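K.L.:
Sequence:
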Amino acid sequence: MKLQRGKLLVDPPASASSDIAFILIIFFLVCAAVQPETGVAQILPKTEEKTDKRDQSKNIEVSITPSSIVLNGSPLKLLEFSQRLTSALSTKTRDADRIVTVKSAPDTPYPLWIKVSQAIEQAGGILTLELESDRVISVE
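In numbering that gives the first Met the number 0, the protein residues as written are 0 to 139.
A hint or two may mislead.
In silico SDA-like pairs for lysine to any residue, Cα to Cα no more than 20 Å straight-line [claimed, not checked]: (1) K76 - A40; (2) K102 - V138; (3) K76 - S16; (4) K102 - L78.
Derived Cβ-Cβ restraints for the label pairs, each shown as a range [unchecked claim]: (5) P110 - A15: 51 to 57 Å; (6) S89 - S66: 52 to 58 Å; (7) L28 - S66: 46 to 52 Å; (8) S73 - I42: 25 to 31 Å; (9) C30 - W112: 34 to 40 Å.
Note that these hints are calculated values from the structure, not bench results. Quantities reported herein were computed from a predicted structural model and do not represent experimental measurements. Every residue, glycine too, gets a C-beta built ideally from N, C-alpha and C.
Please take these sequences and the hints and turn them into a complete structure.
P.N.:
Written as structure tokens, this is what we have:
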């Protein structure tokens, strides 16, 4: 007498697929190179809403456009700008007197802005940004 053998279906264990997925996730996390983005470290002073007009006129003002750099109303090239800024800041000893206010046009190239900010820091100035603020005044 011959015994008939039936086909046996063998299912893999259900926990194997979750183990494989977990191992793949760990593998890709370990192999992926995570490199933090670096840039120019700058310390920007906080601005106050209410400032005296006398103190505001003492600050050096720089305006950056794509075609020029303007220092206190006179357009300059980058090398002249660095020299004039260094001479203007050499007489100032207090931190409050060494503040340089920078205005930038929206279409100013980023490399130009970086060069100007580095020139300000190398000259001993404290960089502060002048931001436009929208105020809504309602008249009744």
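K.L.:
With reference to the structure, classify each hint as holding or not holding.
P.N.:
Results of checking the hints against the structure:
Note on K76 and A40: the hinted pairing is violated, with a Cα-Cα distance of about 25 Å set against a maximum of 20 Å. Between K102 and V138 the alpha-carbon distance is near 30 Å, which puts this suggested pair outside the 20 Å criterion. Between K76 and S16 the CA atoms are separated by roughly 65 Å; this puts the pair beyond 20 Å, and the hint is violated. For the given pair, K102 sits about 19 Å from L78 by alpha-carbon distance, which is consistent with the 20 Å threshold.
Between P110 and A15 the CB atoms are about 54 Å apart, so this pair conforms to the stated range of 51 to 57 Å. Separation of S89 from S66 is about 28 Å and departs from the stated range, judged on CB atoms against 52 to 58 Å. Take L28 and S66: their Cβ atoms lie about 48 Å apart, and the range 46 to 52 Å holds. Here the CB-CB span from S73 to I42 is close to 28 Å, well matched to the stated 25 to 31 Å.
Take C30 and W112: their Cβ atoms lie about 37 Å apart, and the range 34 to 40 Å holds.
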